[in-house]
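Chemist: This is what each chain is made of:
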Amino acid sequence: MKGYSFLSLARQALNRHQGWPVAWRTPELKKNYDVVIIGAGGHGLATAYYLAKNHQIKNIAVLEKGSLGGGNTGRNTQITRSNYFWPQSAAFFDHSLKLYEGLSRELNFNVMLSQRGLLTLAHSLHELEGIQRWANAIRINEIEAEILSPIEVKKLVPLIDIDCRFPVHGGFIQRRGGISRHDAVVWGYARAASAYGVDIIQQCEVTALNIQSGRVTGVQTTRGTIGADKISIAVAGHTTELARMADFRVPITSMPLQAMVSEPIKPCLHTVVMSPVIHMYVSQSDRGELVIGGGADLYNSYAQRGGIPLLQENIAAVLELFPAFTRLRLMRQWAGIVDITPDTSPVMGLTPLQNLYISGGWGTGGYKAIPAGGDTMAYTIVHDEAHPLIEDFGLARFETGALIDEGAASGVSH
Amino acid sequence: MLRIDCPWCGTRDEVEFSFGGESHLTRPTLDASDAVWSDYLFNKDNPKGIHFERWMHRFGCGRWFNVARDTLTHEIHAVYEMGAAKPDLAVKDPDS
Amino acid sequence: MTPSPTNRLTSGGRIDRTQPLSFRFNGKPLQGYSGDTIASALLANGIGTVNRSFKYHRPRGVMSAGVEETNALLTVSGGNGDIPVVRTTVRALVDGQLIKSPSGFPNVNFDLGRVLDFTHRFWAAGFYNKLFKWPSWRWYEGTVRRMAGLGKLPDGEDGNKYFHHNVHCDVLIVGAGPAGLAAALGCANSGARVLLVEQDHELGGSLLADGAQINAIDSDTWLSRTTSTLEDAANVTVMTSSTVSGYYDHNVLTITDRSTTGVVRFWKVRAKEVLLATGAFEQPLVFENNDRPGVMLANAAMTYVLRYAVKPAHVMVVATNNDTAYRVAFALHDNGVRVPAIVDSRENIAEEVSKEAGERGIPIMAGSVVLDTVGTKALTRVSVGRLSNDGRSTVDPTSVIACQGLAMSGGFNPNCSLYSQAGGSLRYDAQLACFVPDEEKACRQRVTVAGAANGKFSLADALTEGARAGSTVTGEAGFACSPAEVATSALGSYHLKAMRITPTGDTSRQWVDFAHDVTVADIELAVRENFVSVEHLKRYTTVGMAVDQGKTSNLNALTLLAELTDRSVEEVGTTTFRPPFMPVPMGAIAGPQHGDFYAPARLLPAHDWHVDHGAVFENYGPWKRPEYYATNGRDRETAIREEVLALRRSAGLFDGSPLGKIEITGPDAGEFLNRIYVNNALTLKPGRVRYGIMLSENGIVIDDGVFARLADDCYLVSTTTANADHITAWLEQWHQCEWPDLNLVISTVTSQWAVATLAGPNARTLLQEIESDIDFSVQALPHMTLTTGTFLGMHARVQRVSFSGEMSFEISVPALDGRQVMETLMNSGGDRITLIGIEALTILRTEKGYLHVGGDTDGMTNALDIGFGGIVARKKTDFVGKRSLLRGGDQRKDRRQFVGVEPLNDNEELESGAHFITSQREGRRSQGVVTSACFSPTLNRVIGLGLLEGGFARKGETVTVFDDGRTFDVRITDPTFYDPGGEKMNA
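Residue numbers (this note's numbering), protein chains in the order written: chain A, 1 to 414; chain B, 415 to 510; chain C, 511 to 1497.
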C-alpha cells in the first residue's frame, strides 16, 4: 500500500495527481476462498481487514451486491461513543472507540475522528436520576462520564434553550465521544484490506448458500458459485433474508431509521447533543451541515426512505431545544434500514450452521461498532468460538432470556 | 406517509394508527419448550415483500385489523379483519 | 446618491418601473424595481462578482435565473435577521433589503482565500483523507470547519410565523409552465378538485421569458387569459410562490408555501392523481475557467433580458450544442446585447436557425467549442477552438473573441426529482443526452410526467403533452375531461449534439460543480483511484452534494464517469433523488409544534385551585402536577418535609386524578384479567380490591396498581399515570387479537373521574365530618375494599388503598366536581389537613417500601425479582408473561432483586442512581443500583430502595456503593422501613 502523507501529496500535486494508485483493486473472482464475507459495509470490510492483519488469512473475498459502503455505513449520522450501561456493552463499545482513536494512522487514511464530546440531556428530575444511574454505570465500567448542571449545559452549548417545554435539568457528557467521517472509515478499511490481498467483489449478490449436512460450503451469486471454508454474514438491514437462505430464523425486525441534514452554515454547534426522551440528536458536520436523527419509523420496511410524521417530530424536537435553527433549511432527508432486535443489542457470533457466522442486529448503532465488530468477528471466525467480548451477544440469549437490554436500563438504545 | 384504509372508518393518515407487528401468530401453551417459546416471542418473519401485520386505529375506532403490506413499496394489498385467514394474494415478486 | 442602473433596458420586461426599490449590496446603495429578483437587480447594476466559491475562493457571478443557482447564494436581511444561503435568483427584491456576500476576506472583490486557488493542485478531491493524520485530525479540524459553511446562523428572534395545512385533491398539477397550464386548462370545470402549484410568484414558467405565439396570440396575452380562466374556475385552486418539495408514500406530497410575507405554510396534500410538469434544467458546458463571473446559462440570459429587462452584459458570446440557444442569441441581439459569435459544437446547423442568425448578422462558429475564458472580476474575452474530425481534440488556430459575457447551453435535463422520490425510474436517452422518466417501468404511485420534465423540450410538444396528460389524469381520477386546445407556431427544433465537455485544456480548471468547486480533474482522479461507482464518485469528489443537490452538475459528472470508465451513461446509472426538492425552513416543518404546543400539557381538573394553593408544578410525562406546595413561602426542602410529617401525624390530601382508570365490563371480565394479571382476579369478591402487576410476554414488569371488582361482571383497573394510555391499548390488543372470544368491553375512564386521596391517622375523622351516605368505619370499609355512595351530594367511589402506608381513602368523583371536593375537605379540615405534592408522596412510599414501576424496576426486572415468586407459583393457570418466568435465565438466584438499603453512616448522602459495586479485589463491577433514596423525615435517617444481584438472600449484608466517584458502605434491608406490620394502614 503506497502511503498517503504530506510528502506523497505534494509530489503528486506537482505531477497533476497522475500517479496515485487505486484505493482498492477490482479483482477477478476466484473459485474458492478460505473465508467469504457477505456484505462490504464497514463491518464486513473491517472483519476482512482484521482477518488478514491479525490472523494472517489472505484468501478472503468480501461480496457486495451494490457498491462498497453503500448501505447503512454511508447513511448513518456518524456518531461514535461508548457510554453504555451494561458492562458487556461498555467493554465492547469502548474497545471500538479505542480502535477508532488509532484508526486514521492504522489505516493511513484520515477518518476525521472528531472527539468533540457527546452530551446526553435529562428533562425531568426522574430523568436526571436515570442519567446519574447511567453515568455511574459508565464510570464503573472505567469509561469517563461527567454530570453537568443545566448552567454547565448552557455554557457548553449556548444555543440550547434550557427553559423549553421540557426544561433541561442537566445531562452528562462523554468527552471522548464524537463523530467521524463514515465514508472515510469504509474506504480506509477497503483500501487496507485490499492491500493485504482481500478480494472485494462489488456488484455481486449472494442468491443462496450451499449447505451440506449442517455446514456451509459456499455461496451462489449473480456471478457464479464460490466455494468457501467459512462464511460470515454482515448485511445490516438484510440479515433476515440471509438467515432465511441458511434456513434459520432471527429475532430481527427491519425498520427505516431517518436522518436529515440542513444547509451548511458556519460552525455554531461544537458538541453532539442527544436527548433520549424527546427523541432527537444533532451535531454539526465539518462541512457545516446540521446532521439530525431521531427514532425509527415503527413498522417493518425495506424502503430506504423516510416519511413525514417522523420528519416533523424530529425537527420539532430539535427546534424545541434549539429555537435558533428555525430559519435554517432542511436540505436532504433519507433513511437506512436498521435491524432491530428485541433488546436492541447486536447478534454476533456462531449460527445454527457450522462454519457460518453472523454479525447483525445492529439496530441504530452499528457504525460506532465497526472496528470492534470487525476485530471480534475475525477472531470468532478463526477460532470458531465467540471472542470473549461478544460471548453474551450470541443468538442463544433469546432462548435463555439473558437479554442485554441497553434501552431498558439506560433509556437509550444502541 | 402511509394512508391506511380502516375497515370501519375509511382511509386515514398513518399517524392515527398504531403498528402491532406480525399477525397470525399462534401463542404457545405453558408446556412449550424454551426454543418454541423463544421463537414465538422473538423471531420474526420480517420479509422483504408482503408482510401480514396488524394495525390499530388508535385515534379512531380503536379496532385492531390485519393489513397485507409490501415492505419494499409500502403498497397495501389487503385490509382484513382480525381472525380472518391470510388473503390469497397473487402478488408479483417485488424484485422483478 | 444611488447610481443609476447601467444594464437596465429602457422598456420591456415584467418589472414595474414606477416602483423603484432601494437596497444595499455589501453596503453599497443600489436600485432595482418591483418585479426584480435580487439577482436581476444586481445584474442591472452591473455587479459581476457576487460571491466567492466554496473551496478555491474564486470570484463568482450569477449563473442562472432559477432554483438551480450555485453561485449567487447570498445572505439577505429583510427584517427577520441575516438569512444565509438565499437563492437570490428566485428571491424577490424588497425595498430596504441588505444583501451580503457571505464569503470573501476582507471582501468579495479581494479575497485572501484565493491563495487556495493558486495552490489548487494540493487540494484535489479527497486530499483531506490523505492528509492531517499526524499528529491528529483535532489539530486541523477547527480551521477546516471555519472554512466551510455558506453563511452564519441568523441571530435574534425569528419573526416568521409557521403554519401547517392539510388538503385533499383529485388532481395535483406541479408546475405552471406550458405543460402544467395546458393540463390545468383542460380540467378546469371538469368537477375534479384540481390543485395547481407553481414555485414562482407568477404562472407561466418558461413563457415568462418567451415571446412565442400560442393559439395565434402572443404568449403574454395567452398567459394572462389562461391565468384568469384558472383563477375563475371554481374547481381549480392556484398556489403561487409554493414549492412542492417532497413526494411521499401513498401520494402524499408536501408544499412549502411562501405566498404571504412573514409566513411560511407547510402543506400536506393527499392527491388521487399527480401530474408532474416540473420542467427541465439547462446544463452548463464544461471548458477551462467556465466559472468566471459573466458566464451564465443561456436561458438565464434570456430570462434576464426578456423578463427583467436587464442585459447580463453588453457583449455576450453564445456557446451551445443545440438549437435552443439560438433563440437566446436572437433575444439578446434584439434587445441591444451585441452577440459577436455563436459557438456551436455541431458541424451542421439547421437552416431554420442559421438563416435567422444570418439575418441578424450574428456569425456562427460551427464545429467549435469554447476553450478558455479570460478576465478576473468580469469576462474580457473567450478563446474558441475548432473540433478535430473525431471530436476528441481541437485543431489550430484558436480564435479569441472579446466579450463581457458568455451564455452557454448544454441542452436540458428533465427535473425528475419528485418523480424519483415517488419511486419512478429514470432512463438515459442517448438522443437527448439526459435522463427521462422510464415509462416502461411501473411507478408505485399514481403519477404522470409531462412536458419538459418528460423530455419534451419544445414549446409545442410541452403544450400538447400537457393538455393530453391533464385530461388523462383527470379521467383516471374519475372525471370526464377533454384536452385543452393549445397550439403554437414557435420554433421548436432541438438537434442536440451529445457533447458538453471541451475535450482539451487543463482539466483542473474545468468546473463540473460550481457549488462545490469540483473539476474534471477531480473526477479523473476519482476514477484513477477506482471510485467508479456513482455513489463513490459523488462522495469522494462531493459532486452534486452541495445545496443545489447537483441540478447542474450530476449529468456532466455521470457523463464524464461513463467516458472515463468506457461505459455507457446507462450503465453508470444515476443516484436517487431525496426529498426535499428545494430546502425547507425547519420552522415550517415543525409548524406550530413548539413551546406550549410542542407537547400540550395535561392539567388536573382542579389545576387552578392548586395554583391558588401555592403548588409548584413539574412535568410528569405530559402532566403538570404539583411537585410540592410553597405555602407561606416555604422552600422546596422544607415544604416536602412538612408535607410528609403532616400526613403521618394528621392527614394529607393528594390529587391523584391522572391515575389511569380502566373499566372492564362483561361476563368474561374476570377471566380476561386473570390472564392479564400475575395475581388471581377470579377469586376477588365484589367490593374488594387487590394489588396486582402486569408483565410483558417476556416476563418483564410493565405496570402495577390495584384492581377492584365493582360487580360480578365489572372490574376497575388502576394503572400508573405514565402508562395509562399504553396499558389500555395493550389490553385491547390482547382482547381483540388473542382472545376475541371473551365477551367484555374495555373503556378508559381516566379523565372522567377526579381523585382526591385523603390519608393519615385523622383521615377517617375528617371524612366523617363531611356530608355523605358512606360509612367510613373500619368495619364497613376496611383496607383494600371499595364502596360507592354520595359524597357532598355527588356520586362517588371510595377505595381503601394506600400508597403512603397510612390509613387512606381514595375518593373518586366526576371530574368537574374534583375542585369542590378538594376545597371542602381543605376548608373543613383546617389545620388538620395538608396538601401533598408528588415529591412528598415519593418519600412516603419509599418509607413504606412500595416500588415505582419504571423507577425501582427497569426493562430487565421480572415478576420474580420483585418478590412475586410465591404468587406466581400458586397460580396454576397461564397469564401474560408466565412462560417466560419458567426460563432458566429468569429464575437465576443472582438476578437483580428488590431490596431496601440504608447507609451505615447516617450522614452519608445516598442518592438514586448510585450503584452497588463489588470490591476492587474482585474486579470492580456493578451489582445493581439504588433506585430510590431520600432522607426520611419520619424515621429521621437516610433510606433507599434498590435492585441488587441476589438481593433477597443478602439482607443484613454490608455492600459498597459508588456514586459520582465516591464510595461508602450501606446495609441491605427489607424494603419496608415504616410500619412493617401494616397496623396504621389497616386502621
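If you are wondering where the hints come from, they were derived from the structure by calculation, not from laboratory data. This structure is a prediction, so every number in the text was calculated from the model and none was measured. Please note that a few of the clues may not be correct.
[Said to hold, decoys possible] A few chain B residues that face chain C, going by a derived Cβ cut-off under 10 angstroms, partial list only:
| # | residue |
| --- | --- |
| 1 | 437 |
| 2 | 441 |
| 3 | 443 |
| 4 | 452 |
| 5 | 456 |
| 6 | 459 |
| 7 | 462 |
| 8 | 464 |
| 9 | 468 |
| 10 | 476 |
| 11 | 489 |
| 12 | 493 |
| 13 | 500 |
| 14 | 503 |
Glycine included, every Cβ here is placed at the ideal spot set by N, Cα and C.
Chemist: Taking the hints in turn, state whether each one holds.
Modeler: Verification of the hints:
1. With its C-beta approaching chain C no nearer than about 8 angstroms, residue 437(B) sits inside the 10 angstroms limit, and its interface hint holds.
2. The beta carbon of residue 441(B) is positioned within 10 angstroms of a beta carbon in chain C (closest approach about 6 angstroms), and the interface hint is therefore held.
3. For residue 443(B), the shortest C-beta to C-beta distance to chain C is roughly 7 angstroms, which falls under 10 angstroms, so the interface hint holds.
4. Evaluation of the residue 452(B) hint against chain C yields a held restraint, the C-beta minimum of about 8 angstroms falling below 10 angstroms.
5. At a threshold of 10 angstroms, the smallest CB-CB gap from residue 456(B) to chain C is about 8 angstroms, leaving the interface hint in force.
6. This hint is violated: residue 459(B) has a C-beta 16 angstroms from the nearest C-beta of chain C, more than the 10 angstroms allowed.
7. The interface hint given for residue 462(B) is violated, since its Cβ lies 15 angstroms from the closest Cβ of chain C, which is over the 10 angstroms cut-off.
8. With 10 angstroms as the threshold, the beta carbon of residue 464(B) stays out of range of chain C, its nearest partner Cβ sitting at about 14 angstroms, so the hint is violated.
9. The interface hint given for residue 468(B) is met, as the beta carbon of that residue sits about 6 angstroms from the closest beta carbon of chain C, less than 10 angstroms.
10. This hint holds: residue 476(B) has a C-beta 6 angstroms from the nearest C-beta of chain C, less than the 10 angstroms allowed.
11. Hint on residue 489(B) holds. Least Cβ distance to chain C is approximately 6 angstroms, under the 10 angstroms limit.
12. For the restraint placing residue 493(B) at the interface with chain C, the shortest Cβ-Cβ distance is roughly 13 angstroms, beyond the 10 angstroms limit, so the hint is violated.
13. With a least beta-carbon distance of about 15 angstroms to chain C, the hint placing residue 500(B) at the interface is violated under the 10 angstroms criterion.
14. Given the 10 angstroms rule on beta carbons, the hint for residue 503(B) is violated: about 16 angstroms separates it from the nearest Cβ of chain C.
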